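Protein chains in written order, with my numbering: chain A, 1 to 356; chain B, 1001 to 1111; chain C, 2001 to 2359; chain D, 3001 to 3589.
Since the hints were derived computationally from the structure, they do not count as laboratory data. Because the structure is a prediction, the values reported are computed rather than measured. A portion of the hints provided could be inaccurate.
As the list claims (entries may be wrong) - Some chain D residues judged to face chain B by a derived CB distance under 10 Å, without partners named:
1) 3536
2) 3569
3) 3573
Stated by the list, open to error - Taking lysine-lysine and the BS3-like style, the derived pairs with C-alpha atoms no more than 27 Å apart in a straight line are:
4) 253(A) with 2255(C)
5) 94(A) with 46(A)
6) 2166(C) with 7(A)
7) 2188(C) with 1021(B)
8) 2188(C) with 2149(C)
9) 2255(C) with 1073(B)
Note that CB positions come from ideal geometry on N, CA and C, so glycine has one too.
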Amino acid sequence: MLKEGKKYIWKDYQKEIADNHYYYARSCIRQNFFPGSEATFLRILKNELNKDIFDDPEHTTCTGIGYHSDIIPLETTMTVVARHFALMTAAGYKNLVPSCITSFGIYSEILETWHEFPETLEKTREHLFKATGREFNLPENVVHTSDIIFKFRDEIAARGRFRLIDQSTGQPLRIVEHIGCHYARMFPHKGIGGAEYPYVLAGMVESWGGEVIDYPERRHCCGFGFRQYLVQANRGYSLSCSRKKFESMEPYKPDMIITNCPGCPYFLDRWQYVIAEQEGKTYGENGQGIPVFTYEEVAGLVLGYDPWDLGLQVHQINVEPLLDKMGIPYNPDEKYAGPDGQDLGQPAELTCMHNL
Amino acid sequence: MKNFGYTRHTDRQIDFDATDKRLYQFVFDLEPSINLCIFCGTCAATCSAGHFTTLSFRRISLLLRRGMNDIVKKEIENCMLCGKCQLVCPKGVNTRNVILQIVKGIEKYEL
Amino acid sequence: MKNIVVIGGGIAGMEASAFLAAKGYSVDLIEKNDTLGGRLANWDRLFPTMRRGSEVTEFLAEGVMQEAVKVHLSADIVRVERHHDTFLLVTTQGNELHCDAILLATGYDLFDARRKEEYGYGIYDNVITSADLEQIFSSGRDILTQKGKKPSRVGFVHCVGSRDEKAGHTYCSKVCCVTGVKQAIEVKQQIPDAEIFNFYMDLRMYGMHFEALYKKAQEDFNVQFVRGRLSEAAENLDGSLALKVEDTLAGRPMKINVDLLVLLVGCTPSEGTRKMASLLGLKLGFNGFFKTTDQHTMTNYSDIPGVFFAGTCIGPNTITNAITDARAAATAIDIYLSGNQLANRKMKPHEEFWLYPSH
Amino acid sequence: MNYNHFVIPFAAGALILFAILVARYAYWIVQMPRSDRRKAWTGFFRPAFFRSLWEVFRESLIHKKVFRVNAMLGWMHMSFAFGWFLLIIFGTIETKFHKHKVFNMPYDPIFLRYFEHDEKQFFFSQGFSFVMDFLLLILLAATFLAIFKRIRSRFFGMKRTTRLILGDRIALYSLWSVFPLRFLAESFTSGLHHNGGFLTGTAGIAFSSFLPLQQLELPAWWAYSSALFVFFVFLPFSRYNHIPTELFLIFLRNCGIKTSGRFSGFTEFEIYSCSRCGICIDKCQLAEVRPQQTQAVYFLQQIRRNILQPQTTFNCLQCGRCTEFCPVGIKADTLRSIKRTDYSLEYGFSYKYAEEKIPPPALPVDVGYFAGCMTHLTPSIKIAMENIMKKAGVRYHFIDRDGTVCCGRPLSLSGNERQARLLMRENKYIIRNSGIKTLVTSCPICLRVFRESYDLGIEVLHHSQYLLRLAEEGKISLKPTDAVFAYHDPCDLGRGLKIYEEPRMLIARCGELLHTQQEKNEALCCGNSLADFVTPEPRKQEMRDHTLQELLLNNPDALITACPLCKKSLTYGSNVPVKDIAELVAENQ
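Next up, chain A with everything else stripped away, as it sits in the complex (with noise of 0.2 Å):
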């Protein structure tokens, strides 16, 4: 593997990243399966960084999940975005920062497609202002959360207590990135490092210490697929996708698994557990699995925050053993305590995994 190779190609592949002022668009499954992703991210920006970032709570689903499950039609989509910018444009901000992959890669589309076909943004604002009297501005600058920690990434190491080291032999951690695949598929110049070897997670490892693993199957995607997923009797698709991932990266031994993606670290998580219950197949050292982590929740690791408090106990996959392993300590009892010291619940006995 030719590193230069990839540098000629990452050069043609660089974007603009607004440097402050963001308007934050939360994503429906993270702050429901990782909340403590998006607040770690508010977290870092307002307190490290320093950025305005505004959180708004009136904006709704970008209708993603239903647009890709073909039960939303594009005009609603168009309009429901529209509504988006109508409210930054109210709260005052040009810099749109989507928690969500596929909110990016809606936001993304729609504004090619008003480029592309201006009638449909008149369109768009018409049926905007009909249903709500709201009117927008199209934002100045799109990028995905993952796009801001990528810029910072420097300066989030040069405040981090840790970093992605195996503290007893000093070697860099073994990391395989996971991309979404609406990151940059559809529009490669909108991504950090193009599509097919795309930067941003893979940048931010090498500022914090680690070594990204490239392995055959690193372009598949995780099977999540929407459609694939949301009918039970179709996530064999799903498990399949993310199985033929495991098995490609087993022989690299991988000792975490970073997304920048809502549903990957979910499905690569949870995967992981649903194939050792069925196939008695289990992956990682000592057969305890790949923990599987969110950018946000690496970039926290770095800077030393409380891993519970960055929401490490709602994964599978427990991420205690990588923890030990980056010498960050932990308190194992508040595990499953929550902010208030009430009981989260722990996750039902299982038959397969090892060590769990």
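Based on the hints, put chains B, C and D in the right spot on chain A.
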């Protein structure tokens, strides 16, 4: 094993390195003209048995190379060895001997 | 005596220069490299004969020598002025060349395989181009993987940068298919144990004896041809490459590992073509090669009287046809300079771009 | 009693030979089926015995068939066989007169010259000397021819000659030396005792002028006896084994015994009767295009040596030309068919799909037309047949109009008799189910298997036979033209089913039929035989071109054949139209 209401799908992808190419090698060694096949399908279109069944020499020739011997074995059963395919083949593949050698190979390797 | 400047010292430029000089013109041949021979100088053996490329360049050089063509090596044109029927060209060395006709033989460039990102050229250790492989052949080195192992399986990918709208080249580069077959045979000759797989969309064996070469590859060298274009390559732990193709004839996706992957890169319009087009104010065709006056009959003629084309600057072509075209261009220039009526014939204009989306 | 130690090699050799042959033949006879053995015993008391004697004289001594194929070769064989036979007969008689005794030692006639020098003592002694010398001269000439044939086979009009194995070589060289050594030994003796005939006597006088015959005489007789010893001992292990074996073969065959279905003791007689004369090599079209040793002679040799290769078994057109031309009458094509079943497959084919796909006719009709797979590839034939039958007002059922179930012969030719039976069963059901009384097919391949293996109980005709019948019944009338035609006999139709005349009679009604070099039972194969599993396509085309060359020698206007496969094969290489007999009839109707 827990029942989740779904199971993993078998992969449609041909994993070339995981399939058994002994049969192809066996046939190729005895009838190298099989590699002249350009998969034009003339053979399959004229096939007497293909008139009644799904038999296609073109597909057999291809799947044999990919080591998908189960399908080959199943499909070849219908061949009547009449030789029409051989007469129409534009590349001179000795189709009938290929078929015979495949069956022989299936017996040899107990596929 | 009338002067002619030929720009580009590849095979077309060389042969046209020799023919024009033999006709009694004073010919200046401008070549940007320090040797003549163009792309052929980097090619080892030729399809379908397997003769050395150098034999052809030597033959052509003999003509250039014999007819005392004035060869300007390491020279480039920096300025062109047009005065009625004559031209003034200024070279990088400061030479001012006055001439009555210009022959453009600016050839082609190879497609930059790095642009086909998913194939990993320049990223994965064991991905090389057909041109790299020719270099290995010419040098007499063994074909080895990056780790110095003899490859036990080699893949060839056809149409890299050709017939690919995403890569910006909609046309067929014409020579890569048969080059892929030729190189597959050569690799097999060097490594008889190796398995060879050629991944193709269509095999275009249009030339005389090309089909026979293809058949030989199948029959005598057991080269496997897989109809399916490579979608993506990824590197395995051991440095081999995991290829994803669809076996379109089986109707199934296929994964196959190879130790070495050869990308059969296509032809693109050359840097020299673009430069001369802007210096002369010539139109380029839809694909970026020179636009000829007519597609069928006036392929050596540009829209500027006195400016002519030869060889692959108007589109990909074989050596055989480039040489023939060079001689045709020499004749066209001769007819033009002799004032013969033949030069004044006109074709009804046609729209070159009717084939392509609105432009 | 005459005796010298040098008689031992001869006597020992003769005893060994006798012992081996008796053991071997006894074993084979035991291996024959009981019914065959019964036929053989009773054969002695039937005309078969005398027919056999006559055939032995004709073929084993005179070699009539060899003469027919190649006169020079015939002469050589006759010289050896008949010459040696007479030498033994006259030698024995001579001995009897000489000794005035009925019983002599078996070696007496062989070495008579050495032991008996007084030539004047008995009746006609000079005459015997002359005859014996004359026969020796003929045998010496034959030896010379044999040696010359080895060096220059083309002189005999033979393009190829058989390759020898070790046993053959030793036997051959010893045979070559037998008669020259006898000549030397007898000459030396007559040089000393002046008792020879015109040849040995003269030579003896000449030798005595410059050779120390006293010292050479005994060694020469030793050498002669030793050569006989070597020849006798190696005979059973060489091609010359055919000499005694053929006698039995002729008798057994005349008793009505033959090989069918599987190998028996009789087959052993057949296999060992091959003289390896090599005629089958020259007659084999494969020999023209491929160097492989696959012809009948090699096939039989490989069986004898138990090294039969599948390549040899399956690399054969089964055109039957080798059988047709074999001087010994070995049915090599039948043997090869049987041998192929050794390679038959256990399973791997299943045809249950066939029968329900082809429906019987809506209304009962008498005539059923079966086009066959190959006819569907040459649709002009079936169109012609339909046109003729419609025009002739025949009500017929086109059995395989919507798809053919293969007749099974191609499978049978691959040795998979069991699977072929499965297919035949399906087809038989379809044909019987159609309720027809006459089955007409355009394909000789189908026709042959319908007749030989189907047991349909109805009339089965080739379309040429049927068309001739229609013409003779006046249902179709043919207009003669000026055109000249050449006719290609399809192997299965001609040599296979002996249908030579019907197509010719039809052609004669349409124009002039030219003779070709090799026709009827001698006809060449089109090269595309379904029986051959090995020959690569380019070589088949080469064979086809040879065949076409011969067929088109007299520039016919069209080439007529009566087999869709032959038509398909010949069409690609021919520069004149190639038509099926049905097409010709349809055009001239």
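We went through each hint and held it up to the structure:
Hint on residue 3536(D) holds. Least Cβ distance to chain B is approximately 6 Å, under the 10 Å limit. The beta carbon of residue 3569(D) comes within 8 Å of a beta carbon in chain B, closer than 10 Å, and the hint placing it at the interface holds. Hint status for residue 3573(D) relative to chain B: violated, with the closest Cβ pair at about 14 Å, above 10 Å. As the CA atoms of residue 253(A) and residue 2255(C) are separated by approximately 22 Å, the hinted pair is consistent with the 27 Å bound.
A distance of roughly 18 Å separates the Cα atoms of residue 94(A) and residue 46(A); the hinted pair therefore holds under the 27 Å criterion. With a C-alpha separation of about 21 Å, the suggested pair residue 2166(C) and residue 7(A) falls inside the 27 Å cut-off, and the hint holds. For the suggested pair residue 2188(C) and residue 1021(B), the alpha carbons sit about 19 Å apart, so the restraint of at most 27 Å is met. At roughly 15 Å between alpha-carbon atoms, residue 2188(C) and residue 2149(C) fall within 27 Å of each other, so this suggested pair holds.
Between the alpha carbons of residue 2255(C) and residue 1073(B) the distance comes to roughly 23 Å, so the proposed pair stays at or under 27 Å and holds.
Of the hints listed earlier, the one the structure fails to meet is number 3.
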